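**Q** Keeping their order, the protein sequence lines are chains B and E. Sequential numbering from 0 applies to the first sequence in numbering that gives the first Met the number 0. Sequential numbering from 0 applies to the second sequence in numbering that gives the first Met the number 0.
Careful, some of the hints might be misleading.
Stated by the list, open to error - Calculated pairs, EDC-like style, for lysine to aspartate or glutamate (alpha carbon to alpha carbon, straight line, at most 16 Å):
| no. | chain 1 | residue 1 | chain 2 | residue 2 |
| --- | --- | --- | --- | --- |
| 1 | E | K88 | B | E1034 |
| 2 | E | K88 | B | E398 |
| 3 | E | K3 | E | E213 |
Simulated from the structure, these hints should not be mistaken for lab results. Since we're looking at a predicted model, the values are computed, not measured.
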Amino acid sequence: MKLLGIFRFELAYQLRRLSTWLPFAALAVAAFLFVRGAYLADALYADFFINSPFVIASVTVFCSLFWLVAAAGVTGEIAARDVETGMHPLTCTSPVSKTEYLGGRFLAAFALNALILLAVPLGVLLAVHAPGLDAEVVGPFRPAAYLTAYGFLALPNAFVGTAIQFAVAALGRRAIGSYLGSVLLLSVAYGGMIAVMYFLQRQDVAALLDVFGHIYITSDLVLGWTPIEKSTRLIELRGVLLRSRLLWTGAGAATLAFTWVRFRFAHHTAVPLWSRVTRRRGAHAPTPAGSDAARPPVHVPRVPRTFGPALYARQTLATAWTSFLAIAKSRAGLVVLAVIAALTVVLLPQNLYNMGTPLLPTTAYVLTFLTTPLTDPMTPWVVIPLLIVLWAGELVWREREHGLGEITDAAPVPEWVLFGGKFLGLALVLAAWMALLTLAGLLIQLRLGYGDHQPGLFLKVLFGLQLPEYLLFALLALVVQGLVNQKYVGHFVALVAFALIAFAPRLGIRHNLLVYGASPGWSYSDMRGFGASLGPWAWFKLYWAAWALLLAVAARLLWMRGMESGLRTRLRLARGRFTRSTAGIAAGAAGLVLTLGGFIFYNTNVLNRYTSASGRMERSAAYERRYGRYANLPQPSLTGTSLRVELHPRRRAVEIRGTYQLVNRGSAAIDSIHVATVTGVRTGAITFDRPARRVVQDDELGHRIYALARPLQPGDSLRLGFQVFVAPRGFRNRGVTAAVVANGTWFMSGDVLPAIGYQRRRELLKPGERRAHGLAPRPLFPSVADAQDVTGEEGGGGGAERGSVEAVIGTDADQVAIAPGVLRRTWTEGGRRYFHYATDTPIGNEYAFFSAKYAVHRERRGGVPLEVYYHPGHTANLDRIVHGARACLDFYGREYGPYPHGYLRIVENPVRRMGAHADVATIDYGQGFALFNPENDLRGLDFPFAIVAHEMAHEWGVPYAYAEGAPLITESFAWYAAMGVVEESFGREHLQRLRRFFRQPYPIVPIRQSVPLLRAMDPYAAYRKGPFALYALSEYMGRERVDLAFRRLYDAHRSGAPPLATSLDLYRELQAVTPDSLRYLLHDLLEANTFWDLKTERATAKQTAVGTWQVTLRLRARKVTVDPAGKETEVPMSEWIPIGVFAPTREQGADFGETLYLRMHRIRSGPQTITVTVPKKPSDAGIDPYVVLIDLERFDNVEKVKIER
Amino acid sequence: MELKIEGVSKTYANGVRALKDVTLTIPAGMYGLLGPNGAGKSTLMRILATLQEPDAGSIRLGEIDVVNQKDEVRRTLGYLPQEFGVYPKVSAEELLGHFALLKGIGQRRGRREVVEALLRQTNLWEVRKQKLGGYSGGMKQRFGVAVALLGNPKLLIVDEPTAGLDPAERVRFLNLLSELGENSAVILSTHIVEDVSELCTQMAIIDRGEILLEAEPLGAIEEMRGRIWRSVIEKAALAEVERAHAVISTKLLAGRTVVHVHGEAAPGPGFEPAEPDLEDVYFSTMAGHIGRRRAQAEAVA
């Protein structure tokens, strides 16, 4: 059997080669590092086993991605070696059939890759069983965990990947084709997936298109599995995983079939396609006739040659241009880039949505999609570094691969001209890519009808900030190829270098001085501009440019010229090339590295404290160990704060002098005051209005203790004075701390002001971290039963005790400064503007300060002064915000009692996100809000309005205990209340649109296995299921009853005096208003984790003799409770559920047409049939048509009605 | 300019001794380096072309130390490697222009002049716009010569240039080379004796890394006169003849075998004196009847 022979020969040949074992080793190391670096922390946090099936599967998937590019050379070599070595005339004339040849070769490639991927379980085994692990996180050894991951994930991945690589390499007759195939597969797969996810909003379809099982792992398992499942459950080849595996294995097989059909097992003449069409004129022009002997002797005109800088510059430019053309015209050149740019124009608009609402494609916003630091591999732009690696290899090997190496090397050209020319050529390609991206960005804006173009900003960011990022890597890739002197090993080394750069943070290397090309990010926003972010960025980039120069010197010294590839000879040659000017440049570069590095180090580690993650944890642990004993020490309550805040936006500094009024509310005398100071903030002397002695001042951990000469008696009060000062000292590893900035200052009181007592929120939370630092376990959240003891300290604004705040805040004359409270007075003094604020109702001790060149909208609504502070250009959604605030003041005022504060202030904060946040009497929203463009929302949903309504509801929020179930009375309540405002303002249909959006599994993925809402803490419970449960209650028993329960809860707890409200208090209030007949529903929704599974299997209709229509529904109903481990228990049903029949839809975006029938029916578990009569011809019919009950299968409640004759 | 090679040795990492203590003096004019495949010719040529490093020995081109002053050598060097390729999608004119720049011709106008002159010299002017991918072997070889001639080299190194050329192309090519010897030192390495006999004024024979003979071809042939004997025999008798005489070469002629025998006197009946040619010199040298091998054999004896 010849096929077997070919297979065996190939396998034996490749197994002897380094190129097989290098990726094997790299993959094993990668798997090891993934387990130790990335998953250990997660495992410690969530308490699952590090060798659980889930971790092994995840590592397998990520390593498959790495394998796809790192081991691409293996397949390429097998597929195209014969052609590349010129051996194919021998092979194709041998009596071997195409099937045997291709089959043997492919099977060998597949077998080798399957072997290479065995390195993954090997690496995992090493990581799990090598010393240095917390024994608690290692579970029992389960072979099945490794086998399923390898069999269900690695092997199919190897098959698809190898098939594509093989096809491109064999058909393109170039080994490098396999690498290109990998890059294409990656970009097509991820591009397609992203498109489906955003465009169709169908996570399920995206998971099906998922080539490598990435989505399956990152969303299905990471989000859907409980810690217990993550520890124990094996992955199973069924459902979406099975379908995607089948689909892609099929795609791989189809690719192979295509390869078989197209592969020509014959001598190949390289004739470009176009010349096959045009006539091959003079391809072999006959040698011109004529007597050679008659020719005069060879005479070449003597032209002057001057070797010097001018010539070298010309040579460099010429090399750059030919290098650029070589890449640009190649298959993986401008064509690929143009396709990517075109895809960007098509796909990026699908990303310009937030919560389903279209966003304006402002230049700054579009740019956030077009730029990415090299250190972030998790974007589609990862394709660019991969292409750079490919291009660098092609350029360095260009002369040699075309057989021009010897001639070029013997030419009088300095090495640096060759190297520099190639680098410049690559730089030109990247610059062309930036130009394409600029064009793409402008086209996107044009396509979406956005008129405010800022080409200058595009150019500044793409050419000024993004291009250097790529140039640094391009230089590294060229140097690697130049030094390694083996093309595929060079690719491999460059890829490993890229992987190290990209994953350095996960491997624990976070200092930007240690990761090639890394720097703190830059940021740009309308309010802040680039702010101070460019400085640190540029310092780091300059530092790395100096390194790059050193690398370039190394490349020049070791540049491969001629035939001498031995290391010793190359080093000897390098000594010869180490001329005075080279030495000078090297010394200059080294000097720059040292001075810039020293300067940066001085900034990041001397002027500022550089704390690694472990250092921060250690500090938290030390704080708890040293001061945790004071956690329950009685301390006075903060009842009044008086502040004088001096902001210096241009100096980015703030100075605050303040006094705290402290009252002993307890029953025992207090003899010492504990003050928690903020690290990174200079806190001056703390004074008391009575004699006190400083016992401890620990600025390292931020704790001071003062002994009072005369103890503070119960009911007695005392004044504490303090002074804090914040100013930037240079910059940090993460850049500048942006609390106070030139325009757009925003910080919280907790960021700067001292606090009273031991701060429990500084403690480590994750069980594994606590174990690692020898701290006793503590629950993540107090259980709801213990919540009565919770003082609410951790809850910040919502749950904390309350006091008054009075602040005088000064800022630049052209800015408006905001502190909590009513504005009493504003004046100008010494060229600065001052504002005096004082609260009229007590507030918590987390509050914000703002200062910016704000524009202000002022009005009164129902006696409440309403102010909106916004960036002058950001008026797009101002009306919506005002509209929302007004509607809420009216509606909530009616439902939950009058607005509880003397003013309402809505402030735009400088953060680029879209989110909003509510404090007492103050709501702030991100600058990103200005991007919302609901005008273009095809769903016809005013989502910004709904966000405002949600935040406004928090103003009626009850002071709560930060314990299990808290989200139900905060976030769930806020969305439930917002639904009411939306319904009242826009009608029921609009509310259905909002609820339909909430039912989508994106961006908040449903979690089935969980605790009941009374105890739940997860985002799905807080923002989706909770609001739905409350809404269902209101649908069944009337909104007024549910609102009454909230009103009573609020009235009982609004003072903020302990005990604070918990979900159980709400439950009691709800029980009080719930009729007995609906107690079961209240229980199902809140006290149990219940899901309804309601399904219309078939709906038919027949016209009756009188012209009405008889609709018959075949239903299936089921109700289950699910526990956190995923165990389902069926609950028998016998309850009232609406049945609806609808006419055809008319309005776009509506669920149904005219309601023909909507009435409660008693539904029991199991299959059942219901027949109703409607007056008109029906179109849709089903059970619980508006999905009021919690039902995760959202598409099967209603079916199209089949008309029977 | 004279090229002096002294005591150059080169051993490859796999242990192959490519050059053993090679000492040669190469004057201006055409110099032939003759030797069988694997004799070390290309290694020597690449060392001269600055592409390889000798383990020992020195090479001087006039005042220039070839091993350590590579840049200076390269400025005055023309090199046509044994095997070379081209960018298939580039025209001869473009690529030659590119190499002209690499060879230091910075001015655009000067470059254009040189390119035109060389393309005309190598008879490629008519096809200068054509992509190099469509060139025949001879055209490509002539293009290589054009590249090698850029920058008026004082030292021209041509490694096995006629391998793979058809007879007509070979003649044309040798004609071109012969004209070059008039301006500079041209070293032509080849395993084809006719290449040397037709072109070179000086030659050396190299085998297994050793120079066996340094001579002027005409003189060497003259010295062979009266020592080469020829006989036409049946193939079956060859073994017998080889046992009895110092056969230096055998050749088939119309089915019978022509043997050449080296000998001071007539070897006997059936042999007739042959008009010696360079081939006889070559084979006599290889067989150790003249040159270094003979000297070595005598020294041992």
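**Q** Decide, hint by hint, whether the structure agrees.
**A** Against the structure, the hints come out as follows:
1. For the hint pairing E:K88 with B:E1034, the CA-to-CA distance comes to about 75 Å; that exceeds 16 Å, so the pair is violated.
2. A hinted pair counts as satisfied when its Cα atoms are at most 16 Å apart, and E:K88 with B:E398 qualifies at roughly 14 Å.
3. For the proposed pair E:K3 and E:E213, the alpha carbon gap of about 13 Å is at most 16 Å, so the pair holds.
Comparing the model with each earlier hint shows a violation of hint 1 alone; every other hint is respected.
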